[in-house]
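Working from the sequences, and respecting the hints, build out all of it.
For the sequence shown, full-length UniProt numbering gives the first residue as 1, with consecutive numbering after it.
Among the hints, erroneous ones may be present.
Claimed, not checked - Below 30 angstroms or equal to it, Euclidean Cα-Cα: the simulated DSS-like pairs (lysine-lysine) are:
id : residue 1 : residue 2
1  : Lys-70    : Lys-125
2  : Lys-70    : Lys-3
3  : Lys-3     : Lys-125
Claimed, not checked - Have a look at the derived ranges for each label pair, beta carbon to beta carbon:
id : residue 1 : residue 2 : range
4  : Thr-151   : Gly-59    : 31 to 37 angstroms
5  : Leu-50    : Gly-133   : 18 to 24 angstroms
6  : Leu-50    : Gly-98    : 18 to 24 angstroms
7  : Thr-29    : Glu-49    : 18 to 24 angstroms
8  : Ala-111   : Lys-3     : 34 to 40 angstroms
9  : Trp-96    : Pro-22    : 33 to 39 angstroms
Please keep in mind that the hints were generated in silico from the structure rather than gathered at the bench.
Owing to the predicted nature of the structure, the values given are computational and were not obtained by experimental measurement.
Ideal Cβ placement from N, Cα and C applies to all residues, glycine included.
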Amino acid sequence: MRKVRLLVLNGPNLGFIGVRQPEIYGSRTIEDLPAMVREMLGPQADRLELQFHQANSEGQCIDRLEQAWKDGLDGIVLNAGAYTHTSLALADCLAWIGIPCVEVHISNIFARTDEPLRHKSLIGKNCIGCIAGFGVTSYALAVLALWQQITENPNYI
Numbered sequence: 001m002r003k004v005r006l007l008v009l010n011g012p013n014l015g016f017i018g019v020r021q022p023e024i025y026g027s028r029t030i031e032d033l034p035a036m037v038r039e040m041l042g043p044q045a046d047r048l049e050l051q052f053h054q055a056n057s058e059g060q061c062i063d064r065l066e067q068a069w070k071d072g073l074d075g076i077v078l079n080a081g082a083y084t085h086t087s088l089a090l091a092d093c094l095a096w097i098g099i100p101c102v103e104v105h106i107s108n109i110f111a112r113t114d115e116p117l118r119h120k121s122l123i124g125k126n127c128i129g130c131i132a133g134f135g136v137t138s139y140a141l142a143v144l145a146l147w148q149q150i151t152e153n154p155n156y157i
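This is the structure we're talking about:
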């Protein structure tokens with residue numbers, strides 16, 4: 001069987017996960033993700049390829065999503081950061097590339113009552129689901145959800 005290839009894409013200010021505001025985002029880093037996924041998937045993790053990218057600009061995020069489409073990747077784990085709440089351009093890109101995507105947030109955006117703008121996602125309608133509030137574990141849960149969606153699909157080879 002072929003490998004399942006997933007992109008883990010982080011938007012602005014997410015290059016310092018584990019360092020930036022640990023009281024909100026926790027102290028685990030994105031480098032912890034492969035081990036977390038291996039623990040969840042066990043030996044099946046050998047059939048998984050994770051590609052990582054972080055960009056602080058909207059255009060760079062879109063360029064990387066379009067490259068994922070060109071490369072025929074199987075799925076996307078996307079933490080668009082603040083662009084989640086503001087970027088029609090990212091939403092439009094997700095709509096046309098048609099790659100299964102799970103929206104991820106490290107913090108529980110719905111519990112951030114002092115910032116109601118964070119309760120709205122413009123990209124969510126073009127994602128198969130959303131996982132929020134579990135720190136870096138949110139990424140691992142998103143990978144697991146994509147893994148199940150992709151490998152349980154009868155058209156998957």
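Hints, verified against the model:
Taking the CA atoms of Lys-70 and Lys-125, the gap is about 22 angstroms. The hint holds against a cut of 30 angstroms. Only pairs whose Cα atoms come within 30 angstroms are accepted, and Lys-70 paired with Lys-3 is accepted, the gap being roughly 17 angstroms. The suggested pairing of Lys-3 with Lys-125 holds, with an alpha-carbon distance near 27 angstroms, which does not exceed 30 angstroms. Our hint of 31 to 37 angstroms for Thr-151 and Gly-59 holds, since their Cβ atoms are close to 33 angstroms apart.
As the Cβ distance of Leu-50 to Gly-133 is approximately 22 angstroms, the hint placing it in 18 to 24 angstroms holds. Restraint check, Leu-50 to Gly-98: a C-beta distance of roughly 20 angstroms satisfies the suggested window 18 to 24 angstroms. Under the hint 18 to 24 angstroms, the C-beta atoms of Thr-29 and Glu-49, about 20 angstroms apart, fit the expected range. For Ala-111 and Lys-3, the Cβ-Cβ distance of about 36 angstroms falls inside the hinted range of 34 to 40 angstroms, so the restraint holds.
Between Trp-96 and Pro-22 the beta carbon distance is about 37 angstroms. The supplied range of 33 to 39 angstroms therefore holds.
Checked against the numbered hints listed earlier, the structure breaks none of them; every hint is satisfied.
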